[in-house]
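Construct the complete structure from the given sequences, taking the supplied hints into account.
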Amino acid sequence: MEYLFHTLIPAPWLLADLLTLLVSLFVVVCVIQKSKYPVSVLLEGFGFVFLYAGLFENFAVVRGWYVYGRSLLMIGDVPLSVPLIEMDVMMVGLWLLQKMDIPDWCKPFVLGLCGMLQDFSLDPVAVRQVFTVQGVTSGRWTWLIDPSSDSTCFSRLSCWRSFGAER
Amino acid sequence: MKTPFTWKDDFPVFAVPLIFHGADILFAIAGGFTEVLWLVLLASVVHCALLGLVWMLSKSRGASQRTQEFYVGP
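Residue numbers (my numbering), protein chains in the order written: chain A, 6 to 172; chain B, -7 to 66.
One or more of the hints may lead you astray.
[Stated by the list, open to error] PhoX-like, lysine-lysine: derived pairs with alpha carbons at most 20 Å apart:
(1) B/K(-6) / A/K41
(2) B/K(-6) / A/K104
(3) A/K112 / B/K0
(4) B/K51 / B/K0
(5) A/K104 / A/K39
(6) A/K104 / B/K0
(7) B/K0 / A/K41
(8) B/K0 / A/K39
(9) B/K(-6) / A/K39
(10) A/K104 / B/K51
Don't read these hints as lab results, they were simulated from the structure. Note that the coordinates shown come from a computational prediction; the quantities given were computed from them, not determined experimentally.
Set out below in structure tokens:
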């Protein structure tokens, strides 16, 4: 709580987080009202947020790939709103697919496409939301990987290829 | 479609992506991030078009099902 009152959070970050919390609450209420198996679906959502998305986002931060700005509610080093948005997109995507008459093998790809389209509109804005608060400049989502360094996937792939060619 | 979408039962499926895309567009405009606005708009339009297509297919499927239900004849 001390942290909450000593660190100012930029207004756009706060608004975005509040909107995400409200939308997530709305999704949870809709699941309770309209799903045949609300307990199972909510458990799935809880597991997705805290045991899957929250973990892999923290893993990426610990690995030093990117960092998030501080927010009102955090899971480790990741704002709660990040896995919550992913959960919302997943839940409404599964809801959509449940009613569509398409082959089962297509469904992960359609869900992935929905997630990717959501990311394509959210991520560029998050990367640009850089603010200076109390003399400290931080971004809502800052990538730390240097594209020209050896740590990127493409550089590593080219290293492996050249290693394979040497053998 | 297995069952047609109805706004009353399924509005979260369409409302949640619309709310998030709308918020992204507003934040991009309010923040002056014009260099990424095209990408935000493009992703939003494509996503909304896909959802609109699903909605229209569902409506046409629902209409054809209703026609079959009420058709009595040889």
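Hint-by-hint comparison with the structure:
{"no.": "1", "hint": "B/K(-6) / A/K41", "in the structure": "holds, 16 Å"}
{"no.": "2", "hint": "B/K(-6) / A/K104", "in the structure": "holds, 5 Å"}
{"no.": "3", "hint": "A/K112 / B/K0", "in the structure": "violated, 24 Å"}
{"no.": "4", "hint": "B/K51 / B/K0", "in the structure": "holds, 14 Å"}
{"no.": "5", "hint": "A/K104 / A/K39", "in the structure": "holds, 13 Å"}
{"no.": "6", "hint": "A/K104 / B/K0", "in the structure": "holds, 15 Å"}
{"no.": "7", "hint": "B/K0 / A/K41", "in the structure": "holds, 16 Å"}
{"no.": "8", "hint": "B/K0 / A/K39", "in the structure": "holds, 10 Å"}
{"no.": "9", "hint": "B/K(-6) / A/K39", "in the structure": "holds, 17 Å"}
{"no.": "10", "hint": "A/K104 / B/K51", "in the structure": "holds, 12 Å"}
The earlier numbered hint that this structure contradicts is number 3, and it is the only one.
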